[in-house]
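Trainee: If you want the building blocks of each chain, they are given just below.
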Amino acid sequence: MNIIDRRREGGKSLANRQRFIRRARALVKRAVREASARRSIKDVEKGGDIVVPADGVREPVLRKGSQGGAREYVLPGNKKYIQGDTIARPEEEGGGSGASDGGEGEDDFRFALSDEEFLDLFLEDLELPDLAKRQVLGVEETQPQRAGYKSSGPPASLSVARTMRNSLSRRAALGRPRAEDIAAMEAEIARLDDLGGNDAKVAELREELERKQKRMRLVPFIDPLDVRYRRFDQVPKPVARAVMFCLMDVSGSMDEHMKDLAKRFYSLLYLFLKRRYGKVEVVFIRHTHEAKEVDEETFFHSRESGGTVVSTALEEMARIIQDRFPANQWNIYGAQASDGDNLPMDNSTTINLLKTAILPLCQYYAYLEVGHAKDDGGGDATSLWRAYELVVGSDETMAMRKVSHRRDIYPVFRELFAKGGANAEAS
Amino acid sequence: MSDEVVTAKKRKSRIVPAPAAAPSTLLFNGPDWNFETLGRIFEAVRQIGEGEIGLDPYRTQIEVITSEQMLDAYSSVGMPLFYKHWSFGKDFARNQMMYNKGYQGLAYEIVINSDPCICYIMEENSATMQTLVLAHAGMGHNHFFKNNYVFKQWTDASGIADYLSFAKSFIAKCEERYGVENVERLIDAAHALQSHGIHRYPGKRSMDLRSEEIRERERRAHGEALFNDLWRTVPVGKGKKPATKKKIEEDRRKAILKLPEENILYFLEKTAPRLAGWQREILRIIRLIAQYFYPQRQTKMMNEGCATWTHHRIMTRLHEKGQISDGSYLEFLHSHTSVVMQPEFDDRRFSGINPYALGFAMMQDIERIAMTPTDEDRSWFPDIAGNGDAYGTLKDVWANFRDESIVSQYLSPNLIRKMGLFQIKDDHDEDEMEVAAIHDERGYREVRRALARQYDVARRDADIQVIDVDLSGDRRLELRHHVVDGVTLEEKDADRVLQHLADLWGYEVRLVESDDNTVYAEHKAEPMRPFA
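Chains as they are written, first to last, in our numbering: chain A, 1 to 427; chain B, 1001 to 1532.
No wet-lab data here; the hints were simulated from the structure. Note that the structure is a prediction, hence the values are computed from the model and not measured. Hints are supplied without guarantee of correctness; some may be wrong.
[Stated by the list, open to error] Going by beta-carbon spacing under 10 Å, a handful of chain B positions derived as facing chain A: (1) Q1069; (2) L1081; (3) D1188; (4) Q1194; (5) E1432; (6) D1461; (7) V1487; (8) V1497.
[Stated by the list, open to error] Cut-off 16 Å, straight-line C-alpha distance, at most; resulting in silico cross-link-like pairs (EDC-like, lysine to aspartate or glutamate): (9) A:K79 <-> B:D1440; (10) A:K80 <-> B:D1346; (11) A:K259 <-> A:E204; (12) A:K79 <-> B:E1526; (13) B:K1101 <-> A:D49; (14) B:K1425 <-> B:D1396.
[Claimed, not checked] According to the in silico footprint, chain B covers these stretches of chain A (three or more CB under 8 Å from chain B): (15) 55-66; (16) 78-90; (17) 110-118.
Where a beta carbon is used, it is the ideal one built from N, C-alpha and C, also for glycine.
Hey, can you work out the whole structure from these sequences and the hints?
Mentor: Here is the structure:
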């Protein structure tokens, strides 16, 4: 008999599970989208039960049908029947056949997805537009990277450990006497001197000591030959840094519903960024009649009152770009959500700012107008919308969309960030 | 259920309780165990199994796994090595969810028919449960695998691990070379036909010259012994009509293709015109694995019966010998009785006959017939009744029967009465179902025959054969489902499978469902994405 502990070994089925999900990808994706529409923002990145139609992942086999023909069953637990009795056929098929029908029903196939898998499918096919641009154009920036040792260099990069290692081996090879040995010898001579009468022995020792001291002087503790410096090579650093500016109007005219829509949009965006690109900075700017950079928590959850001056937010954005995110080192993206209100006299300033200060620096700028379902179709375009339309027409790096219902958020989001870009058909 | 509990309790009351004076004989105390305990337990179990009962199992290899791994093992049919395919992932995803939600428990063990016999046991189980598992799988199933004739005939326990490892690496290589998608699609198609990729009869072994000569001599001696000059005087009839040319052609073609052939995968592997070598090899792998599991399907009830009877006997003996405590024994009985519970047909929990329940009951019944038969038993089973050798009789039964034959041979009137078995006929042309036989003098034989038929794998699977190929014409492959009792194939599935078949064959495929008088249905499929 043999006992083997296999508990440390992992599972074998994960690869198969991934194959299954890949196989049912289209179905699972649809199911994920449907599931996500029902969820709250906080749960959107959680995994969970997914239901896909069984038909899509069916494994057919040749088996006998459950209908028709003459069948017989042997069942346990007879109580009152005697031979020749007749029994009404049970309603559902094969009331007694039980286990004989082992096939899958027509039911849906239900299983659970992990958080990772869910997000992967949820955000598949999306990307930040033009992220690769800066990389390709290449502002050549380098960073030092360790690459062994060299024998000359600045004192700051002296490698003590490597130097001492060389020194030790050289001292050992050339037989440099150790300081302790010499000290011991001197002590011995002093002891013999005190005792007296061992002159021959003392003389011999002194001679020996002298020889050793000479050797010690000849073979230095650290020779210039031993010294080593750390060597650095300059490696070009890929620049794929991106910063995403989230701008939102938080003034009184934005009601809870609108804020909710905007929040959902940004949640998706934030999720997407965190997920897709490791090195993405996100800057949150909220504005009323004045703009302020805030952290994520404040951005989504705190309230503010005041008028609406969009240009303040754009100014703030331009300032932050200048301070912290030089355009030659960062890919810059902007996303703005608003109900479309703006102080009419501010519109021209806004457009100007956008055209001259923001868009030239941005890879992409998306404007999301949130509203109510009843506003759809008939209503006049808002003042900001009309203003932005002028910009969009002339500039390809900007896109705008209207959203009035929660269920539209995800499609719009996809449209804006689908691979290949969506700004071409911006309305 | 109540029956089993009563027998179990009776047995317990018969047993002299373990003497309290010798607690040192206990194999373990409490639920905790370590590898040393496992070794001790297995040794004690083996002493009873091999020493007292005289079982002859393979060597055992115990592998301790976690519950996650057990879940994992479910979905590659329990095999330690298996090729990759999405369908196993689908099972895994489902099991995982069912388990996490608490809809489904886990098996205590998985046992593999290999040499050495691999038993997976779960780390979460108590020492008592490990004892039960080692007795059940390590002794019962293991003995059955090694000695039952179906397994001997069809499986090579020492080679399976190597073969699976070959299959896995071969399929992985094919995926690298020909693309995952192509291989996956081929395996899909092969899986769909897996149930019809089995040889049901062992092939004729080709004889060497020596035995050929012996046979020839025997045949001649037989002819000479039967020779009677009288036959010469019998008037000769007209004889058969000479076969037409067309008929001769057809016979010759079928002979070359070895038709009819019921092993569809085998036929494709050997004859499909457009498959590449690696594709044939993969069909072969799937087919051989199906063949490896064929014995398990034929002996499910017996196999569980054998293992359950064995663990019950071993646990009881361990308790009698004072090697497990009363508490452990009760823990075992609790689990045992729930395993062998048989809900009655009108019970909400009923889902067919529980193989553990029927198997265990039959083994106990055979033991009873051998040791303390009634007059009825003596007239029904003159060969074993009262022979006084229960262990010998059982071992003989385990070696030489399968589910279908053990039921038709050894299901006793006593057991039919005890379980209240009755037979129902459900003819779709009638308005109502009929009770055809019950547990009475007139019904015993019919119930027994009907139950045996229910366990006959060859009858459960649809009888589908490749009957012809139109080689000179459009190469259409003709199949026939020989319909029994008017039960036709599940239509949607049949069409899907036929599509796979057409893709494999590369030309049109037609399946006719008929019996001697009626044609019930006809399915056709054209290849949509032929493998080439």
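Trainee: Which of the numbered hints are not met once you compare them with the structure shown?
Mentor: 11, 12 and 14
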